[in-house]
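Undergrad: Residue numbers (the numbering used here), protein chains in the order written: chain U, 1 to 147; chain X, 1 to 292; chain C, 1 to 638.
There are no misleading hints in this set.
Calculated cross-link-like contacts (lysine to any residue; reagent style SDA-like; alpha-carbon spacing at most 20 Å): (1) C:K209 - C:V282; (2) X:K263 - C:G605; (3) U:K64 - C:T594; (4) C:K246 - C:V236; (5) C:K570 - U:T5; (6) U:K139 - X:E59; (7) X:K32 - U:L9; (8) U:K10 - U:K139.
Far from chain U by the CB rule (all over 10 Å, computed), these chain C residues: (9) G279; (10) T314; (11) F560; (12) Y620.
Label pairs and their calculated CB-CB ranges: (13) U:I27 - X:G88: 54 to 62 Å; (14) X:V238 - C:I46: 52 to 60 Å; (15) C:M449 - X:G152: 25 to 33 Å; (16) C:P412 - X:S39: 52 to 60 Å; (17) C:T204 - X:G88: 57 to 65 Å; (18) X:R259 - C:F538: 40 to 48 Å; (19) X:V46 - C:G313: 55 to 63 Å; (20) X:V238 - C:G52: 56 to 64 Å; (21) X:G152 - C:L638: 39 to 47 Å; (22) C:F62 - X:G152: 56 to 64 Å.
These are calculated hints, taken from the structure and not from any lab test.
As the structure is a computational prediction, the values presented were derived from the model and not from experiment.
For glycine and all other residues, C-beta sits at the position ideal for the given N, C-alpha and C.
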Amino acid sequence: MKTMTKARLKSPWVMHFDCGSCNGCDIEILAALTPKFDVERFGIVNIGDPKQADVLVVTGPANKRNQRVLKNLYDQMPQPKAVIAVGECACSGAIFHNCPNTLGGVDKVIPVDVYVPGCAARPESIIDGVVLVLQKLQKVSEGEKVD
Amino acid sequence: MVDFANLYTYIPVVLVILAPIIGGIMMGIDRKLTARMQSRMGPPIVQPFYDAIKLWGKEPFIASQLQPILAFGYFGFSIAAFTLLAFGQDMLLMIFTMAIADLCLIFAAFNSKSPYSNIGARRELIAMMSYEPVMLLAAISVFFVTGSFMVGSIYEISQPLLTILPLTFLALIPVLIIDMKKSPFDVSGSGHAHQELVRGIYTEFSGYTLALVELGHWTKITLLLAFASLFWSQNLIVGVVLAFALFFVVLVIDNSYPRLDWKTMIKTTWTVGFLLIIANIVGLIARVVILS
Amino acid sequence: MYGDTLIALTVGFPSLAGILCYALNNRVARRLIVALTAVVLIGSSILLYQGGGFEYEPAPVFDYVVLILDLALLVYFLYAGLKYSNWLVIGLAALQLFPVAYFEFGLGGMSVEPMIVVNELSIMMSLIISIVGSLIVVYALSYMDEHEHHLHIEKSKQPRFFFFMLLLLGAMHGLVFSNSLYWVYFFWEVTTLCSYELIRHDNTEIAVKNSLTALWMNLLGGVGFVAAIYIGFLFVGTISLEELTKRSAAPISLLLFATLAFAAFTKSAQFPFNKWLQGAMVAPTPVSALLHSSTMVNAGIFLILRFAPAFRGTPLSYGAALVGAFTFMITAVLAINERVSKGILAYSTIGNLGLMILCAGINTPLSYAAALTLLVFHSVSKGLLFLCAGVIENRVHTRFVEEWEGLLAKLPRTTIVMIVGMLSMFLPPFGMLLGKWMAIDAISAAPTMGLLIMLMLVLIGSAATTLYYAKWLGHMLVLPQSGKKLGNEELPLPYSISLFSLLSLSVVLGVAASSVLGAVVLPTLPMGYISYISPNLFTIETSYGSFLLYPFWVGVVAIFFVGVLIALRKGGIVKAPYVSGENIVDSPDAFMTTADTQVPMQVSGLFMDNEFSASRVLNYGVVAGVLVVMIMFLTVVL
Chain U
1 MKTMTKARLK SPWVMHFDCG SCNGCDIEIL AALTPKFDVE RFGIVNIGDP KQADVLVVTG
61 PANKRNQRVL KNLYDQMPQP KAVIAVGECA CSGAIFHNCP NTLGGVDKVI PVDVYVPGCA
121 ARPESIIDGV VLVLQKLQKV SEGEKVD
Chain X
1 MVDFANLYTY IPVVLVILAP IIGGIMMGID RKLTARMQSR MGPPIVQPFY DAIKLWGKEP
61 FIASQLQPIL AFGYFGFSIA AFTLLAFGQD MLLMIFTMAI ADLCLIFAAF NSKSPYSNIG
121 ARRELIAMMS YEPVMLLAAI SVFFVTGSFM VGSIYEISQP LLTILPLTFL ALIPVLIIDM
181 KKSPFDVSGS GHAHQELVRG IYTEFSGYTL ALVELGHWTK ITLLLAFASL FWSQNLIVGV
241 VLAFALFFVV LVIDNSYPRL DWKTMIKTTW TVGFLLIIAN IVGLIARVVI LS
Chain C
1 MYGDTLIALT VGFPSLAGIL CYALNNRVAR RLIVALTAVV LIGSSILLYQ GGGFEYEPAP
61 VFDYVVLILD LALLVYFLYA GLKYSNWLVI GLAALQLFPV AYFEFGLGGM SVEPMIVVNE
121 LSIMMSLIIS IVGSLIVVYA LSYMDEHEHH LHIEKSKQPR FFFFMLLLLG AMHGLVFSNS
181 LYWVYFFWEV TTLCSYELIR HDNTEIAVKN SLTALWMNLL GGVGFVAAIY IGFLFVGTIS
241 LEELTKRSAA PISLLLFATL AFAAFTKSAQ FPFNKWLQGA MVAPTPVSAL LHSSTMVNAG
301 IFLILRFAPA FRGTPLSYGA ALVGAFTFMI TAVLAINERV SKGILAYSTI GNLGLMILCA
361 GINTPLSYAA ALTLLVFHSV SKGLLFLCAG VIENRVHTRF VEEWEGLLAK LPRTTIVMIV
421 GMLSMFLPPF GMLLGKWMAI DAISAAPTMG LLIMLMLVLI GSAATTLYYA KWLGHMLVLP
481 QSGKKLGNEE LPLPYSISLF SLLSLSVVLG VAASSVLGAV VLPTLPMGYI SYISPNLFTI
541 ETSYGSFLLY PFWVGVVAIF FVGVLIALRK GGIVKAPYVS GENIVDSPDA FMTTADTQVP
601 MQVSGLFMDN EFSASRVLNY GVVAGVLVVM IMFLTVVL
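Start from the sequences, fold in the hints, and give me the full structure.
TA: Set out below in structure tokens:
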């Protein structure tokens, strides 16, 4: 494995954005950072600045109000980047998908790489999702085409 | 003038090349120890290097054409300051060079129109204003002992500096806290996983510019720890242990205290720093007067 | 042999040129006269430098000329006081006029031989006055045109303006070449006249008010001079500078020096006499540059340096040093809260003059050299800064530094010159930092117990200096509004000449600081001031440390070069700043907020008004300044 790829896998900096979720998934994401699950040992750091983040973790459904912000934040992330949609709302809109202001899942606005279902998604699933994202990042970094 | 056959002349050069790496390892140790203090596992010690390499490979986004130049300036002048230390040169010049490095970072942050970056830069200026006089006074107190501002003269005294200037050594604690951007004085942009004003002074840096800033930060840490190790110049191992001890104290304080505001930062650093060093100097003078 | 011609040229030519400017109310003639004066002055100074020190006795008729002009001057001051009903001016002018008249007519005056002594210090001052001063007057050619255009002045007052500017250059030369306290005093008061007239040039209410403040404070210094002349005549037995410098430190001589130091404090606007310099900033910028930063205020420093060998090692010396140190610290702190550009520069000037007085007061060879180094570099850099500030003010129509953002687009050349000028004021490897480094070395090695207090004052002042300059630089470095490339800037010829000459001078002198030390500063050290100061091609070495001049410059260039290389190789897309995702695509300087309104991004400057009130600190500072000056006088008595 090349050094750059290894470095990218060993240091995914996560930016967490809440599109309007009930905060259930957000709490689970932050729980992953606590000593019990401790994702920092994988090099994951919770960064608030998109310019320094590799992975965007999104919760909550995309709606007409926040689509602009979500797109802006995604655009401000430099490549290589990935998006994890955490929770049912982010994946598909869940029970809110028919609401007049909701556009549906986050993938209506930005390309999503990994979907982590659940309401609320458990920390173990979230960590699983991060591992999947890392595998995807590895493939991207090594130049393979990914879907 | 310069004896190329003598191996000892190459030690400073090697030290300068190793300086960012040593600093990176110290940051890694910092994160590991912090994690252990918080009952966590923590990342591997070489984690900072993974971070830096990854950052170097990111798509470059810059805030302006000037920013990368200034970011490199931060790194370059930190190396320059460390070179001065490694070659035993003038301490005052070394501290002023550190100031230029800091100012490069501050100007790079002012350069973009981001409010976070701007306020972070202002706070960093205040942080600089807090620790620079204390460091200068520490260098002056060393001058009172050795009679010279050159680092090389510290190697010529018979007693270890720590036994003559213990309070000055303690005054280095707030300086190191501010420079390592640790609580309680990380008002301008904290270390990893902590946020202050998003990323404070570091907000508009990304990709390779951030990697350069990180390298500069590591070099500065190595510089300060090397300066601390001079307080036992007779024995290299004891000096290194001393540096580690200082580092450890800073970590403990970091994990015990929350972030305080900049007014407290100036007040505490100046009060503690100036009082300790002046007390030390007065003690020195008193000892000379009493003995004669 | 032709030294007397050079004296006549440096003193007389500018004065005559000034009169010509006044008589010929012609723009083209003015430009020619000023250009010619510049050439004559700079040439004469360089010839003087090459010739070295000498003594000269002018014809006795000049004694009478000086006397008549001096009395006329004092009468004019009295008249000015009466005209504006300013009791301080009236009182102080009278306090000078009558004793001086009595001295000359009642007591018969006192002759001094030789009347003119040119030594290395005078030559150094002459170089500064000629080079920096001439460039500033050249700058004024364009500035005053723009200034009068702004104020819609129909009948040009420029003849009057240039008369006093050129007269000042002549008077300053007279001041540094005279050997009699009386002549020095005369030229000193001529500079006071120029200052008073130039500050009130615009004739607004505030200009007149501030000019009167400047007048009475400077007259107060003049009273000190008169006192010194009387002490010299009655008790010491001489008013010759050469003789006085050789006197031993008898208490009565010390009292004379104390009164002269007092006069120097008023001229150099040290606390508690700072108010007039700050008020003088209402004058047109060339006035601030010439009189109040790089030329006239140096007269106070010159006086102290001239006599420093005589009171070396006495408590008076350290008392004067304390005045300087205190002024340095408090002006640096006050400048943090100052919002007007020229106000900040005024504080910086007063502070750096304080640092020079501190060095002169410490009175060791190294500190004397530090004072000289600071003098040279400060004059060049501060003059440059004032000139740039003037250009920028004229173009953007605001004096507040918070509003000086995005200048790189509008005025690229001037802004870059100003940025380099500001960097030269407080960063290594420029000369000002070299001077400060030498100063810290000298204070740490000073043979007095008071050094701890002075060190603390200098360190705090130095930290505050970095703060206020860096935050001003931050304002100037803020990106121009996106989309606008670096604009094209029209700079009239006088501006280009003066700005780029001073900039080049600043950089060249900074790079060649070793040569400056070797060729100008070290030879100016008085007899008996021996110290190991060795400037060579690699470093400037003293007994205490080593300032690696050339490696530093090489390092700066190398770091800049590598930085540019990396930036070019890695490149990068310029992205809008992070504002929590609320950027607006079409206008990168605004962000979206509640109710979908667009708000421009603005950050105000850093000021510590909540922590300390500038006016209160100022008032306490003045009181403290009075106390410190009184302490200095007490050291003579005790």
